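In case you want the letters, here they are:
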Amino acid sequence: MTSAPAAVGGIDRWPGALHNAARNYLHGAARMLLVNTEAVPGRQIIEVLGLVQGNTIRAKHMGRDIAASLKNLVGGELRGYTELLTEARRQATERMMAQAQQLGADAVVNVRFTTSAVTAGAAEMYAYGTAVRLA
Amino acid sequence: MFQLLMSIWPIALPVLGILILGVGVGGYNERRHLRDLAAREQAVRHIRVNNLRHVTDADAVAAAGLVMGNVVIATDYFKSFATALRGLVGGEMRAAQMLMTRARREALLRLLEQAHAGGATEVWNVRFGFSNISQMRGKRGAMQVEVIAWATAVRRG
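Going down the list, the sequences are from chains B and E. Numbering follows this note's numbering, with no gaps: position 14 of the first sequence is 14. Numbering follows this note's numbering, with no gaps: position 146 of the second sequence is 146.
These are computed hints drawn from the structure, not numbers from a lab. Predicted, not measured: the structure shown is a model, and the values here were computed from it. Ideal placement from N, C-alpha and C gives every residue a C-beta, glycine not left out. Hints may contain errors.
[Unchecked claim] Computed from the model, here is a short list of chain E residues facing chain B with C-beta under 7 Å:
1) V55
2) Y77
3) E146
4) T152
5) V154
Can you build the whole structure from these sequences, using the hints too?
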């Protein structure tokens, strides 16, 4: 442990990582290290606690839909939708992290995201990974 | 003939207007976006990117964490129209290909900017996800897609 790097941290611990709320999905999230590699670089996994997951289904907002259809005339980024999906994915990730916290995990490895269309006008954001304890 | 022209005019004019607006503003937006991408990519050029699942030389890692970027982007009506025509004759859909390329570059760039803000010099195991927003909305028309990229950012000690 003493030889292990001290400053391994989740996204919330990266200095300046929260420079733009719209681009960051883990604003104000609990302290939990997330990586999408199979191991935490520089740390040893001592216990695999199992699969943790979080999801949310969001419906579109009428006002944003109107704005998006206007933007469709000329193309380009639909900021309202980007923010909506970022926020939804952040919530799914936080639910996953809460589950990991309940298991007493230090980190979630191999984090993956999927999106699915459940009904017309709604999207499901799903985040899953493996909760582990670190040395 | 003249009367026929006069009778379709109220329908043809708005359609023509939308197409011309799409060609002009849409094309301008696309060029501006590509210039913007090129400029921002320069700032994060030093970050090494790969999609390997195992971080090599892990003992020298000072910090690691998840980074991600996403974008929802749409084509203009002219491009959608051109794509629909292309669907009739087959071949490469350039407009759709350009849309996907822009979306992936933008999502990856946002990821890299987040990694850069955290002082990372390496990004491992980059993954891309994709969803078609216009299908989710149960509508046809202009393509609207979301691309998400996520990865593990690494800072060396």
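| said: Taking the earlier hints as the rules, which of them does this structure contradict? | reply: The structure breaks none of the hints.
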